[in-house]
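Novice: Chains as they are written, first to last, in our numbering: chain A, 1 to 411; chain B, 1 to 411.
Hints in this document: simulated from the structure, not taken from any laboratory. Small disclaimer: the values here were computed from a predicted structure and weren't measured. You may find that some hints are simply not true.
Since the list can't tell identical chains apart, any single copy or any two copies may satisfy a pair.
Straight-line C-alpha distance at most 27 Å; calculated BS3-like pairs for lysine-lysine [claimed, not checked]:
no.: 1; residue 1: 370; residue 2: 347
no.: 2; residue 1: 174; residue 2: 129
no.: 3; residue 1: 207; residue 2: 174
no.: 4; residue 1: 350; residue 2: 296
no.: 5; residue 1: 27; residue 2: 129
no.: 6; residue 1: 370; residue 2: 25
no.: 7; residue 1: 341; residue 2: 63
no.: 8; residue 1: 367; residue 2: 25
no.: 9; residue 1: 2; residue 2: 132
no.: 10; residue 1: 24; residue 2: 367
no.: 11; residue 1: 367; residue 2: 129
no.: 12; residue 1: 136; residue 2: 27
no.: 13; residue 1: 350; residue 2: 174
no.: 14; residue 1: 24; residue 2: 370
no.: 15; residue 1: 2; residue 2: 383
no.: 16; residue 1: 261; residue 2: 63
no.: 17; residue 1: 24; residue 2: 2
no.: 18; residue 1: 132; residue 2: 66
no.: 19; residue 1: 142; residue 2: 24
Each chain is listed here by its residues.
2 protein chains.
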Amino acid sequence: MKILEGGITAATGFSANGIACGLKKRKKDLALVVSEQPCSFAGAFTTNLVKAAPVSWDQDLVKNQKTVKAILINSGNANACTGDQGIRDTHSMASLAAASLTSVDIPTTEREVLVCSTGIIGLPLPMEKVEKGIAKIAKDLKADREAAQKAAQAICTTDTFTKEVAVELMIGDKPVRIGGMAKGSGMIHPNMATMLSFITTDASLSKESLQALLGESVIDSYNMISVDGDTSTNDTVLVLANAMSGSPQLDEQSPDWESFKEAFLFVHTALAKAIVRDGEGAGKFIEVTVTGALDKASAQALARSVVSSSLVKAAFFGSDANWGRILCAMGYSGAEFDPAKVSLSFKSEKGSIEVLSGGQPVGFDEKRAKTILLEREVEVHAKVGEGNGSGTAWGCDLSYEYVRINGDYRS
Amino acid sequence: MKILEGGITAATGFSANGIACGLKKRKKDLALVVSEQPCSFAGAFTTNLVKAAPVSWDQDLVKNQKTVKAILINSGNANACTGDQGIRDTHSMASLAAASLTSVDIPTTEREVLVCSTGIIGLPLPMEKVEKGIAKIAKDLKADREAAQKAAQAICTTDTFTKEVAVELMIGDKPVRIGGMAKGSGMIHPNMATMLSFITTDASLSKESLQALLGESVIDSYNMISVDGDTSTNDTVLVLANAMSGSPQLDEQSPDWESFKEAFLFVHTALAKAIVRDGEGAGKFIEVTVTGALDKASAQALARSVVSSSLVKAAFFGSDANWGRILCAMGYSGAEFDPAKVSLSFKSEKGSIEVLSGGQPVGFDEKRAKTILLEREVEVHAKVGEGNGSGTAWGCDLSYEYVRINGDYRS
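So that you can see chain A by itself, here it is in the shape it has in the complex:
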């Protein structure tokens, strides 16, 4: 597997565009991703009972539609908690995008257009602006790097940087690419959050294989990150596969399945980690690895509980070696373990330091711990001593800035 410069247009046959249609004050807020050929596709969605209108639209397509061609995304307004009007507006967006694509010689039906929205909840979409934007956006679709960047910019909300990734690997004798883009920031939490992630590949997979693979990958990537513990109304991961690499169709029996799976997970994990790095107000990137748990699920539950704890996060903000809070968060994770067998250490570029060994506190050098914890990227290693389960979760600190951003997000 080779890591490329690139994003959503890296795979053969995908083009994109990103423009400003006026939902945000000045910035880009409308993105379109299109495939020349119809795509197998898969989706993973928020578990929140309150689902934004576009989530319902996409879930219906995933359930009932065989192929799609495009994804239309707006930022600035989530079209969530918008009642019946929201449902109608999503439908219009798909329908307008299909017409717009058809007008530029990419014949598309409304049910071939997935729709995503992100931004403020509870206000109706200003459809006049959206309509004008959709009429315009298909006219300048390109397959180059710049087009991918425009699209990546247009899906951002409080994100401070765009999140893109692309890789290439050989399937048989054909190079296959997987590219993607995501937006995150606040509300990022295990089991999805206001997070949109889009992956395109020119590999060939059946809809069923793609859906199964996505389900598996989500568990180890997006579900292992936390910014603030809230699960949003709009979380969506969509994958399109257009088979245009000409490589043989992949399934679990293929000799290249494992390497494709690995590359696919790499792409999702890279985007998930980028989301956490850009968590609202985040100053630190925290990686928690649990080893020796009863099983993988226990290890992941333990790691997730640590990155989700407000108290742990605030301690990292203060670069405070407050390992008691880490053990405490493990204790309420729901996973079984014996606190008396736990060892904990911190690690960063400045070195590593053990603070708890077999359940017994280690008298450690506070000054050295501080030096390690003052780094922007810090690892926590927890050895549990129960079995062979391991898992990693990613999170960020809880800062003044998080409170500032979220204390007045709407204005």
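Position chain B relative to chain A; hints supplied.
Specialist: Chain B only, in chain A's frame:
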């Protein structure tokens, strides 16, 4: 039921003291509560798998001991994650307190002394200081208001005020009193948190009745508050009943059971709400009431989810009528409901305003909403339209101050 000025010494036969033994820099940090007569007792404890040493001690007494006489509490050090040394230290504290009480003519055994600790996690108790403190504290036990206040001060950590309550009611023709004190601040969350709460009563109840009643009361009081979502290693609620009012023994068959139960719950709820009012960095007190849910448990889950959401809490910090976040938090509560039937309104001393009606956003006056939300006490009312279940939860906003306090708690 009459509300009295008073606290842990309000009921007949209870005396207390609070002193500084040096665990904190200057403030009081050791409290003792004693009953003249042996007491029926009950306890509710943290659900965290990582339990502080004193929690294990108290749980053992609740399970195996028939009566107790005293509670010894230190603040400044939680004696949690302290390994075997912690277990030995708790045992010593009970044993030293028993000796100290016996020396002032209150014959007590070590297994008649409940022990609680709160404060920093992971550092061994400075036992030399604790020993000297225990030797001294029993010498000045008093049953007056001032003694109760001293004890209430000595159990505080980052609390900014003491939390005390006392009530009186008639059981038969005898006045019976229930008094209590608590400490809270950070880490307060449904299913207990670093919260210590102590209740004394001169009513007469069997240990079994008292334990059942406490279990029921905890669900509607401490389990309905949230400060930051963390569940601590030390959470403990202890109740002592010494029967010294001379009133008849109470059980579920007693004619006065319901009124005692109501008074008992009032005391716990008053302390729970005081804890939330004093949440770390809290500037607002938020009461969320859900009506029309499928059942009481659903209503409580919905209300709890709202007060626990970091995004909702940050919105309240900014006095922002961000009702979408409230609906969103309800959506991931785990309770079943139809978002299309939900109505939401805000209320404070400045009036009330509906923002969502039957799942449809209401165009409301933002300026008026701001005026209502700028108040220090704000109510959220959610009507769900599924059944007759109702529930109330209490929480606070998420402020810069929370981050400041918890970013450097240890120093």
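Novice: For which of the previously enumerated hints does the structure constitute a violation, in increasing order of number?
Specialist: 2, 4, 9, 13, 15, 17 and 18
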